[in-house]
Structure formats: structure tokens, C-alpha cells
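First to last, the protein sequences are chains A and B. Following numbering that gives the first Met the number 0, the numbering of the first sequence begins with 0 at its first residue and continues without gaps. Following numbering that gives the first Met the number 0, the numbering of the second sequence begins with 0 at its first residue and continues without gaps.
Misleading hints may appear alongside valid ones.
Unchecked claim - Here are the simulated DSS-like pairs of lysine-lysine, each with C-alpha atoms no more than 27 Å apart in a straight line:
hint, chain 1, residue 1, chain 2, residue 2
1, A, Lys285, A, Lys415
2, B, Lys123, A, Lys218
3, A, Lys25, B, Lys160
4, B, Lys42, A, Lys315
5, B, Lys91, A, Lys218
Derived from the structure by calculation, the hints contain no laboratory data.
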Amino acid sequence: MLDISKYMILRPCVSDIKNISYYLGKIIIGLGLVMIVPIVIGLGFREINPALDFLISLAITLLIGIILTRLCRTGEDLDWMQGMIVVSLSWLVAMVLAALPLYLSGHWKSYMDACFDTMSGFTTTGLTLVQDLDHLSYTHNLWRHLIPFIGGQGIAIVVLSLFVKGTSGAFRIYVGEARDEKLVPNVINTARFIWLISGVYLVLGTLILGIVGMSIGIKPLNAFFQGACIFMAGFDTAGFAPQSQNILYYHSFLFEAVTIVIMIFGTLNFNLHYQLWFGNRKEIWKNIETRTFFISVILLFFITAVGLNELGVYPKAIVLFRKGFFQLISGHTTTGYMTVYARQFITEWGHLAMTGLICAMALGGCACSTAGGIKMLRIGIFIKALKQDIKKIILPEKAVVSQMFHHIKDVFLEDKQVRSALLITLVYLGLYMLGAIIGTWFGYPFLDSLFESTSAAANTGLSCGITDAGMPAVLKLTYIFQMWVGRLEFMSVFVLIGFFIAEIKGR
Amino acid sequence: MMRKLIFIFLIIGISLNAFYFFCYAEDVSSAELINNARQYDGKVVIYKGEVIGDIMARKEFVWINVNDGINAIGIWSKKDLVKDILYTGKYKSKGDIIEIKGVFHRACLEHGGDLDIHIDELRKITSGMVIRERLDIAKRNQAFVLLGILGLALTLSQLKKEKHK
Numbered sequence: 000m001l002d003i004s005k006y007m008i009l010r011p012c013v014s015d016i017k018n019i020s021y022y023l024g025k026i027i028i029g030l031g032l033v034m035i036v037p038i039v040i041g042l043g044f045r046e047i048n049p050a051l052d053f054l055i056s057l058a059i060t061l062l063i064g065i066i067l068t069r070l071c072r073t074g075e076d077l078d079w080m081q082g083m084i085v086v087s088l089s090w091l092v093a094m095v096l097a098a099l100p101l102y103l104s105g106h107w108k109s110y111m112d113a114c115f116d117t118m119s120g121f122t123t124t125g126l127t128l129v130q131d132l133d134h135l136s137y138t139h140n141l142w143r144h145l146i147p148f149i150g151g152q153g154i155a156i157v158v159l160s161l162f163v164k165g166t167s168g169a170f171r172i173y174v175g176e177a178r179d180e181k182l183v184p185n186v187i188n189t190a191r192f193i194w195l196i197s198g199v200y201l202v203l204g205t206l207i208l209g210i211v212g213m214s215i216g217i218k219p220l221n222a223f224f225q226g227a228c229i230f231m232a233g234f235d236t237a238g239f240a241p242q243s244q245n246i247l248y249y250h251s252f253l254f255e256a257v258t259i260v261i262m263i264f265g266t267l268n269f270n271l272h273y274q275l276w277f278g279n280r281k282e283i284w285k286n287i288e289t290r291t292f293f294i295s296v297i298l299l300f301f302i303t304a305v306g307l308n309e310l311g312v313y314p315k316a317i318v319l320f321r322k323g324f325f326q327l328i329s330g331h332t333t334t335g336y337m338t339v340y341a342r343q344f345i346t347e348w349g350h351l352a353m354t355g356l357i358c359a360m361a362l363g364g365c366a367c368s369t370a371g372g373i374k375m376l377r378i379g380i381f382i383k384a385l386k387q388d389i390k391k392i393i394l395p396e397k398a399v400v401s402q403m404f405h406h407i408k409d410v411f412l413e414d415k416q417v418r419s420a421l422l423i424t425l426v427y428l429g430l431y432m433l434g435a436i437i438g439t440w441f442g443y444p445f446l447d448s449l450f451e452s453t454s455a456a457a458n459t460g461l462s463c464g465i466t467d468a469g470m471p472a473v474l475k476l477t478y479i480f481q482m483w484v485g486r487l488e489f490m491s492v493f494v495l496i497g498f499f500i501a502e503i504k505g506r
Numbered sequence: 000m001m002r003k004l005i006f007i008f009l010i011i012g013i014s015l016n017a018f019y020f021f022c023y024a025e026d027v028s029s030a031e032l033i034n035n036a037r038q039y040d041g042k043v044v045i046y047k048g049e050v051i052g053d054i055m056a057r058k059e060f061v062w063i064n065v066n067d068g069i070n071a072i073g074i075w076s077k078k079d080l081v082k083d084i085l086y087t088g089k090y091k092s093k094g095d096i097i098e099i100k101g102v103f104h105r106a107c108l109e110h111g112g113d114l115d116i117h118i119d120e121l122r123k124i125t126s127g128m129v130i131r132e133r134l135d136i137a138k139r140n141q142a143f144v145l146l147g148i149l150g151l152a153l154t155l156s157q158l159k160k161e162k163h164k
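Isolated chain A, as found in the complex:
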């Protein structure tokens, strides 16, 4: 009998590699040009050495980009395989190049630590290995927060939407970056609209946080700078902050309340934002994702609150609500902002409250947003499928049972949607477990390892203290891998792995 699998693997040809390298080069040039922003800020704040860090990095990045685009110039558009590989590779290349200025600052102990932070930023995770953050320059701090702002929208699609006039390959890149919902028929215009939404919210968010910052005693320049940083990392569900204490630094209920709103805005589907922008406010109440999100928040907050209450962590209900709810929203939206110290999760919060947080992180935010995790749409689909199955059992055998759900429009539930949602969920669960097992292997307790692993793979950024410059290098690499794979939702990474296998084994 003929073994078809042997003949299915085709070795990628030179034109594949040229095309991939050409588009990769374009993305690298785009990344280099973004470095102009911190250079301008650095000069504005008269931070000469930090500005030099970025000049060096800009020159190296542009050089690599120019060499790739000139050597591999091609007029061809990307096919599906090439698009997926461009996406997965561009995230790795961006991680390495964006880490250059961070490493040059001297605030990261090794180049791998700097890469850890850039991957954490691009994937909107928020785990960090920075040293002495409180003395970091404005220039580098801006870069730390600009990275998630770019990564949140999708590195490749951001660059292509700004520098490419029109290409059908852009859609493949858009899908490769774990987005499949178009707000408008053209994917480039969709990406541009996402930029518009983010830009308008950035101005508003910075203004509000700046005013709140001034009202709590921060000097105006700092208030608006930190407001912009907190907004970028909050709306893009990254969780970076300019000070080492994260949101605890501000000691303000008002600041926390505004941050909660920003985190929820960030976790909503861009398609939902689009509907709200055009006056379709009812969508927020009807949409399967928002409904699932709010029910999930209530249930998981209940679990967390019971856990906190049992151990008497917070003696007053209002205090329990303020701390517990903030952390739960931060975990569920996969932002990772913190108003408690990392070690407090272990020393005070206890197993039940931590489990509530782990579940929240694992489920994550809405699809087509900057949030990570399994996503509310998939959870909603499961619930609907379960409902359908129960109906099938209860109703007579001859009855035709159909199930609908509302996501921007009414959609009939099909088996292929359930299958796809289930597959992705299973892979996510496997990814969470992978990090937990490796963490346990290095001697960390299982629950702590699971917490940190889920946080990395769901791109959340909450830490119970494992993430530290002193942790084993293998664990750092594991978390980098989890952040990367979790953000891209597997497919483009699987294609990249397949590409390398085909290169070795293909004919």
C-alpha cells in the first residue's frame, strides 16, 4: 500500500524563503522606525545615553531590515504557509531586536532577561525581569509600554497596515496573529480602524489618568507620562507599570477604579468596540462574549472572595472587595496589574483564592482583543453546545434541535465551531500544564507553578513570585515559549515547526 504521508512533505523552495525574508525585512524596518519615538522622547527629556541606546538599536534593526528586503526583493504576495511563518518568525525577531535598547540600559541582568521582557511586552503578558525599575529612564520606560501597544494590535499587521498599500497576504498575517474577525471588509482597513480606536482611547485614557494622577499628588509631567504608560499597558492588557510597585504605587482607589475600566475596555472584542462606536449599544448586552465574561467574573469573584474570607485575609468586606475584585479583573482581562505584592498570593491568599485567580487567567478575555487565554467566545460556545446536548436528551428523538448564539449577528451553532473551540481549549490546557510541570520539576510547589505558568501562557502577567531574574534559564525559556505560543494561538507556530520539519525531511 502506498504511504501517502511520505509524499505529503514538500521541501520549501528558495522562493518561499525569499518571500518570507522579504516580508520579515519589511516588519523589521517598521520596528526600527518605531524606535524613533523613544529617541525623540529621550532627547526631549535630555536623556542622552538612553537616546543613544535607541540610536544604536535603530541602526542595527534598519540595517537588518534593509539587507533582507534588498536581497530577497520579490513581487509575490504571501500564501497561507508563508503568511503564518512570517507571523511566527516576526514575533521572535522582534523580541530579539526590541531587547537591544533594554539590554544596553544595564537594567537587565542578561540579554535573555531583556528578551523575556520584550516577549512579555509584545504578547501583552506583563511578567518582568527588570532590575531597579524605579531608576529607569523615561526613554526606556516609554519603550517598555510602547511594545505592548504594538504587540496588542499585532506586530506584523501593524507594520503592514501602515507601510503596505494593499495586499491579500495581509489577511493571512491577520489570521496568523490570532484574529479572524474583520470589522470592515478590507483587512488593512480593519487594522487601521483598530489603530484608530486605540489611538482615540489612548488620548482619552492618558488625559483621565493624568488628571487623576495630579489629583493624588503626582507632578503634572509625571502624571501624564505615567498615565500614558499605564493606559498603553492597561488597554493592551499587558500590565507593565513605570514603578516597581505596579498600581500599588499610587495608593488611590480612584486610580484603581479608572484602571479597572481601562482593563475591561481592553479585554472587549474590537468588533464590539466597532458596534459601540456606531451607536449599537444593545450589542454589549446581547453578545455571547460579554454575557459569558460578566457571568464568569461573578462566579470566579465569588470563589476568590470565599477563599479570602475563609482565611480572614481582609478583615472588612469593602477592603476584600477592593483588593479581590481588582486582582480578579486584572487576571480575567489578562492584564496583570497588581495592588498586592507577588509573594502575598502565596503567603496570604491561600489555595482557594489562588485557584479562583488561576481559573480567571486561564479563561481570559474576549476574542479579537488584546487579551489572552482560552477566550470568552469559546467558553460561550461550550455552554451553548452543552445546552443543545441536554435539549437533545430531553426532547423526543425526532425533534430537530438547533442552537443559536449572538455574536455581532445571530449565528447557528455548528459542530465545526464546537470542535474548533474544543481543540484550542485542549491545547491551551496542555500549555498551562507544561509550564506547571517544568516549574514543579525545578522545585516550586505545584500550585505556584500552575499560577505562574497559566499567567505566562494566558498572557496575563500576574506573578506569585516565581518570575525573577534568578530563576532557572530553562524556566525563563519555557515562559517565553508559552507567551509566544499563547499569544499566537498555536496555529502559526505549528506551521513554523512544520516548515522546519519539511526543510529537513521534505523532498
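With chain A held as given, fit chain B onto it using these hints.
Quick look at chain B alone, frame taken from chain A:
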């Protein structure tokens, strides 16, 4: 005899003071406070570190954040206690190093559950200073060389483009 009695009372007095000091005011690090928060909750502690970031005024009180090199902890103080603080730690300045004595709260009820210290005493140990940034010559030279190469690459690429036309 009288001298001996005075001496004994003096020794007892000093010992009691020392006992009181060690029982009610422990010199602790941020890691110790965070990891053993329940143990220190409500106790008087002595904490030392660099003032970082902003001094945030709230009516007649202020929030400052003090970093001991491992973590920063929020300090709630009356305004007049912090009037000697001139420098706070940031990129262009090293903050004043202070020693504070106050009540540690694991989950402060007055401040929404924050882990903080409400202070009664503040002593400036070392004054901070403005850090004058010195131009890193090596970095400057690297930047010039790389920008030169980049300029050359751009020119060559442009020439090649025109040649093709």
C-alpha cells in the same frame, strides 16, 4: 552604696529601654515584612531605604514609597515629617536614604487593604543627589559608526534601485 544603687537602676533602665525597643520596634527589610506580614501586623517597625518616585500629598498627609533595594513599601506620614526630603529616586536623581519608625499594616483598613507603614518618626540618613549624566563615549562612537554604515547601505540600495529603472 548610693552610687551602686544608681548604677544598678541605670543598667536596669537601659536594659528595659533596649527590651522595649527590640520588642516594639524591629529593624526589618521589605522582604521580611511581605513574607511574614501576619507576624508584623500592627507592630512598630524600623524600616530603612531610598525614597523613590513622587511625594504624593493627601490633605495634611503624604504618601511616599521607600525602596530598600528589594521592594518598595508605601509610607503614610504627616506632611511636616517629610519636609526634609529633598530628593526622590528616579533616573536623574538618587533619592534620600531615610529610616522610619512606625506601625506596620498587613492590610491597612484605612487605606483599602494596602500593605503599608504609618510612621511617627523619620530620620534622614543620607541626602540624595542629582545624578549628572555623563555622555557614554563608547556608545556615541558605536552609534556614529552604525549610522554611517546605515547611511551607506541606504545610498547603495537607492543607487541599485535607480539603476534598475
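* Is Lys123 (chain B) close enough to Lys218 (chain A), meaning Cα to Cα at most 27 Å? -> 23 Å, holds
* Asked: Taking only the CA atoms, is the gap from Lys25 (chain A) to Lys160 (chain B) under or equal to 27 Å?
  -> It holds: about 16 Å lies between the C-alpha atoms, which stays within 27 Å.
* Asked: Is the straight-line distance between the alpha-carbon of Lys285 (chain A) and that of Lys415 (chain A) 27 Å or less?
  -> Holds, at about 23 Å.
* To do: Please work out if Lys42 (chain B) and Lys315 (chain A) have their alpha carbons no farther apart than 27 Å.
  => 20 Å, holds
* If you draw a straight line from the CA of Lys91 (chain B) to the CA of Lys218 (chain A), is it 27 Å or shorter? -> Holds, because 16 Å separates the two Cα atoms, which is no more than 27 Å.
In this structure, none of the earlier numbered hints is contradicted; all agree with it.
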